[in-house]
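S.K.: Based on the sequences and whatever the hints tell you, model everything.
Line by line, the protein sequences are chains A and B.
Taking this note's numbering, the leading residue of the first sequence gets 2, the next gets one more, and so forth.
Taking this note's numbering, the leading residue of the second sequence gets 2, the next gets one more, and so forth.
Hints in this document: simulated from the structure, not taken from any laboratory.
No false leads were mixed into what you were given.
Since copy identity is lost for identical chains, a pair holds within one copy or between any two.
Only pairs whose alpha carbons sit at most 25 Å apart, straight line, appear in this in silico DMTMM-like list of lysine to aspartate or glutamate: (1) 132 with 106; (2) 132 with 118; (3) 27 with 111; (4) 244 with 58.
There are 2 protein chains.
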Amino acid sequence: MDTEFKSFFDAAPPLRDSLDVSRKVKEFIDQNSQLSGKGRPIRVVCVTSGGTTVPLEQRCVRYIDNFSSGHRGAVSTEYFLKAGYAVIFLYRRGTCQPYCSFLPEDSLLECFDLTEESNVQARPQHTEALKRAIRDHHAAVEEGLLLKLPFTTIFEYLQILQIVAISMRGLGSHGIFYLAAAVSDFYVPWESMEEHKIQSATGPLDMRLAPVPKMLLVLREVWAPTAFCISFKLETDQNILLKKAHMALRKYNMHVVVANELSTRKEEVIVVTSDEEITVHRENQVEEVEKPLIDLLVQKHSAYIEQSKHDSSN
Amino acid sequence: MDTEFKSFFDAAPPLRDSLDVSRKVKEFIDQNSQLSGKGRPIRVVCVTSGGTTVPLEQRCVRYIDNFSSGHRGAVSTEYFLKAGYAVIFLYRRGTCQPYCSFLPEDSLLECFDLTEESNVQARPQHTEALKRAIRDHHAAVEEGLLLKLPFTTIFEYLQILQIVAISMRGLGSHGIFYLAAAVSDFYVPWESMEEHKIQSATGPLDMRLAPVPKMLLVLREVWAPTAFCISFKLETDQNILLKKAHMALRKYNMHVVVANELSTRKEEVIVVTSDEEITVHRENQVEEVEKPLIDLLVQKHSAYIEQSKHDSSN
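M.R.: Here it is in structure tokens:
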């Protein structure tokens, strides 16, 4: 397992700003650890969000992408902050940001006008959503409770996740990984990738993609063996969803797998653990399904922390 | 040629809002035609912008994407408007918008603060760029000179382009197609596509992609035979760039091919016609390369209109 992963990492283009990322993550965790007990949370969650890309060419023009608006990760981040967690938000560039899910897509052009005095002014129907987005987002960042780290490719994603995981080790059972990102299953190994743009010809194009090494197992067993790990299983076929969720739970030794079906994922999800399946529904049209989901996961995390204390005192 | 294209269209998922798109395009062109001579342009350009996607599954989780920020198309739209054209901006959802290229990526969260009185206020360093974006963008839309039509997949892109092209026929030589979008060369035919999410297994994934029928030829010869057609050739390998640009010029009977190399595309482009190659450079750090490019293309379009008049009077 580890060799396969090592060769994937060795062949990947090195992360450009890895020292800067490491420094930011270390400072964020140090600050939250030092201030814990003084009204600050010691609990830290790494929320991953959005899809990863797989380049098909080294000088990248074409790539395979995984669909994800990042809505689940962004909204879950809000509820984790509300529950007293510090959040490392590892997100795909351009996807949904915490506190922004109620804004239209092209928010800048759709939410503002110029006044006659040539001042920038929010349109009345968007004013409340804008205020909430700007106030709550800026507050979380400025108070040092929200650290945002962007990625685009699978190579960037896995390298940043490794940095975060290793930095969070010292938190023991107080750390969570909430892996909502849609991670590529297949990739083109860097060394076998075309250097230049693939030329279109008259015939069909045959591509062979290699499976991405299973990061979940390395995360769980090597990078962050004491953290509470939650992964997601998205399927479009309801019939195989729970079976696949239980398989993932066992195979990667996850604490929780959140099962969701593409067409109903905003209405309900199923929280799968080794001894139960709990269906969580959206309670009303104002609050999202992430509210009861995060409530339940925080309970399960608290129980896990208690169990870990008990285990270590025996 | 036409059969190949017909079978591509027959197999594609039908455009959901095709009646609405047709109505908007018709109104836009009618309005600009009726008002021409009363200080309104009769010239209309369709600018395509951003990359198209190719779904790998019918209920789409994974897709192949073509990299394009949409910067070229957005900035070119500004210069076409300045030159007195009405613009149909056919753009990939989420890509760069006209007048917005000087704003940061997450413009909403990076450009605004809340005042103590809880009003939304632009941060001083972004105020001028914000005013320009909101003022100029809204003015162009409200004056009926800018029509924006979004797409995501290759199927949506080609169906909308067909609607626009057929609607623009009546403009004769006064219409331009400025095809800056990065269009997929390969796709998975809808009928041979997996219905559900492709399952990751232990082995490699082999994919066979079919070439997309060459839309340029159909556009030029069937949809819009009298319009002035400009296509783009992007390569990462400087050595084959001009050769490929000349091939495209002949093969698709384009009036102009704009050749650009990935790494230098913001500094220079080469305008290729059947009898010349003109290199256009960015003139300074304030104005983009699109300024001299559009100046030159407007000259060439004017010459084309004159030539068409002359041809039809003979």
